[in-house]
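Chains as they are written, first to last, in our numbering: chain A, 73 to 391; chain B, 9 to 518.
A couple of the hints might just be wrong.
[Claimed, not checked] Calculated from the model, a selection of chain B residues having no Cβ within reach of chain A, i.e. all distances over 12 Å:
(1) Gly-24
(2) Leu-153
(3) Glu-193
(4) Asp-498
[To be verified] Derived pair list, reagent style DSBU-like, types lysine-lysine, alpha-carbon separation capped at 35 Å:
(5) B:Lys-377 to A:Lys-85
(6) B:Lys-403 to A:Lys-85
(7) B:Lys-240 to B:Lys-93
[As the list claims (entries may be wrong)] Here chain A is said to cover these stretches of chain B; the calculated rule only asks that three of the stretch's residues, wherever they fall, bring their Cβ under 8 Å from a Cβ of chain A:
(8) 329-342
(9) 351-359
(10) 366-375
No lab work stands behind these hints: they were computed from the structure. Cβ atoms here follow ideal geometry from the backbone N, Cα and C, with glycine treated the same way.
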Amino acid sequence: MNNLFSSIRPENKPIVIASFFIIAILLIGTGYTLSTQGTAPLLSPNYLLQQLQTGSFLGIVAAGMMMVILLGHIDLSVPWTLTAAAMMAASVGGEMALPTGIAVGLAVGLVNGLGVAYLRIPSMIFTLGVDSVLRGLMVAHTGGFAPQDQATPLMRYLAADRLLGVPVAIYVWAFVSICIAVTLTRTSFGRSIYATGNREGAAYLSGIRTRLVIIGAFMMSGVCASIAGVLLAGYSAKAYQGMGLPYLLPAIAAVVLGGTRILGGQGRYIGTLVGVVLIVLLNSVLSIMQMPEAGRQIIYGSVIVGMLLVYGRGSKVTS
Amino acid sequence: MSDTTFRGVPIVELRGISKAFSGAKALEGVDFSCRSGSTHAILGENGAGKSTLIKIMSGVLQPDTGEMYLNGQPVRFRSPAEAAKSGIVCIFQELSLMPDLTVADNISISEPPRRFGLIDGREQKRRAEELLARIRCEDINPNALVRDLSLSRRQMVEIAKALGMNPKVLILDEATSALTSRDVETVYDLLGDLKDEDVASLFISHRMHEVDRLCDTLSVFRNGNHVDTFGKGERSPGEIVRMMIGRDVEAHFPPKPEPREATPYFEINNLSWENRLNGVDLSIGKGEIVGLGGLDGQGQKELLLALFGVLRGVDGKVTADSSSVSPSSPHDAKTGKTRIALVPEDRKTEGLMLPMSIADNLLASSFDKVSTGPFIDSGKERTAVEDGIRKLQIKINKATDAVATLSGGNQQKVVIAKWLMTGPDVILLNDPTRGIDVGTKQEIYKLMRDLADEGKAILFYSTDYAELIGCCDRVAIMYDGTITTQLTGDSINEESIVSASLNINSQSAA
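Please model the entire structure based on the sequences and the hints provided.
Below is the structure:
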């Protein structure tokens, strides 16, 4: 194994390990179903597409989260940004549903960015506060009851329909992925994110407008959360309280499992994609194995911690 | 040296002490001793080894070779706490107080008085009052937070804390530089008291008049060597300065043009910032290299940062060709009408993003220049990176390698190349040759001269006097936040730079 890994650039090592782990999960899951039911649903394209369809919501949230983590920050306002975007989209309805949802994401991202970049409040605290405020606003908006608004046909089409046999949600995820990947690798904004995340002081003294970079990254995170919210509302036909809660920790886990340094500055988008697929498949194999909820949580958490140990504590830079 | 003129017995003695930092010798076979009841000054240029010496004595650093004796017994301190237990206490330049604890807490932080195993607050307060009274600072409330005290008062608390450890040897590293004149007098009195109590005081100061007034013994250090120790009044200030310099100048510098009156281009008028810059006036012509000299921490760094738009609340006026230059950020400085570049002090934390590639670091100030709209143009990117690498002859393997893999000299070249890409009119350099090899240094000197010949205005801060002499058309010496002396032509020599740095001229006038 060591010989194999020595030829891989250190930043790609987590991606390769995570990819192997995905294959291992598929093999173990298939082995289990073959021995108990005599079938191999995990390897059927239709089953995999279905998993990726539900995984696309997580994938989009993780894409935005990655921008913020690359800066060495974190966006804990994702759960209620997602919920607020979904609720506002559903309650406005009609043609304006989608733009409204995305505007909510942009606005929350702007507030987060201003708070972190200008007020210099640690992002962990600031975004947590924003999350709580959004939650309060949504409870006030709905009066504490489940909202009756239905998702618009467009939202349902994007989340639940299929085009050429492939769920439309996967196309949306692919589109978001291409945008993020191009931004990170081919734009001056993307390069500035890496520079700022590596060493904010050096980036600032290089004449990079680090505050604008921070605000931009938080806005992208907000937009991604809102797109996921709108899709999720379309998938479940309506928005509901707390719909974003299950997405926060898996999104952070996917980014980190994909090899992005939690302290910022390093990471490739392809890694985040691999991380999302890994988490989605791990969940579905555990549910196929009819593992009780308690066991699932334990295995899920252990896998994340275990993989991070395998990655090592990040490549040391000495000179 | 004749030891007969000194009173007291040696309390601390160092024999053959050497210390190197990643190959660079900071101390080389130093023999040094210090007598009880003496007030002993340690003199030397920046980098002479003074700080390393006191850090070894006070247990912060361990020597590579050599022995240390305390009252004739060999000792080896592994930490400042061990040294303090043996009676060697150091008051460092960098304040060691915790701002959010009270004065009393800070004074007793290492050995708080206890009662039933718990800290005895009342006793702690009483002790603080007693120590503060001893240095005539009764007005400091032991229950006040250190955060709320002025810098000068904090330094006094620091001194009280040191006294609380009952030192036999008290080391003061520039301890008076932060003090107001009233507190300075108090410290002078205290040193007199300590002398009577047979405590040895080791005193590092760049203020010659202070040394003259307080110390009975002087030791001069140079390049990690102990040059000589002598009694007060045995040497003239001129002799002492020559002892501090006395080294060979090896580096080769490109030929300087004939001294001439350059037309002022970049003019700084009465620039002030907090208490670090106190009305700086300086003008730099196109094609001129102006050196910035003086002892460490006289405001040189702040001046460069103020010009580059990093500091907030800067007063004064800066103009270029009579139009105002007041950048509010490095981005402003880089893109304004008069473009300014800064090669910062610490290339590892301020100049470079070490884990990123050489190419990304080269482009970090010029992403906009290689982009079409928001997108980076790979063709332009490659050309720019190749140009930069060729122009500065940076030795690399692949441009995609992490910049951390390069040698110090090549890393610094990356920083300089990054800024040349922005096409600056004014180039600010903060000690750009520190810690790099001689060959690269000479390339940088040549590059500076070439840039000046292209018509750029260059302001060059260096802690190495030889560089100031070899490279600069004019040298401005800073002392206490202002430019006290400007040297041109033949008057740029070590003696005049060192005297001006120590502000000896104005001292004799005062």
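Hint by hint, here is what the structure shows:
Consistency note on Gly-24 of chain B: stated as away from chain A, and its beta-carbon is indeed over 12 Å from all of that chain's, at 31 Å minimum. Its beta-carbon lying about 22 Å from the closest one in chain A, Leu-153 of chain B satisfies the requirement of being farther than 12 Å from that chain. For Glu-193 of chain B, the requirement that its beta carbon stay farther than 12 Å from each beta carbon of chain A is met, with the minimum near 40 Å. Listed as a non-interface residue, Asp-498 of chain B keeps its Cβ farther than 12 Å from every Cβ of chain A; the least gap is roughly 37 Å.
Only pairs whose Cα atoms come within 35 Å are accepted, and Lys-377 of chain B paired with Lys-85 of chain A is accepted, the gap being roughly 33 Å. For a cut-off of 35 Å, the pair hint linking Lys-403 of chain B to Lys-85 of chain A stands: about 28 Å separates their Cα positions. Proximity of Lys-240 of chain B to Lys-93 of chain B is assessed by CA-CA distance (about 31 Å); at most 35 Å being required, the pair is judged to hold. Here the stretch 329-342 of chain B counts 5 residues with a CB under 8 Å from a CB of chain A, which clears the bar of 3, and the coverage holds.
With a cut-off of 8 Å between beta carbons, the stretch 351-359 of chain B has 5 residues touching chain A; three or more are needed, and the interface restraint holds. Counting residues of the stretch 366-375 of chain B whose CB lies closer than 8 Å to any CB of chain A gives 5, so the stated coverage by that chain holds, three being the minimum.
The structure fails none of the hints (numbered hints given earlier).
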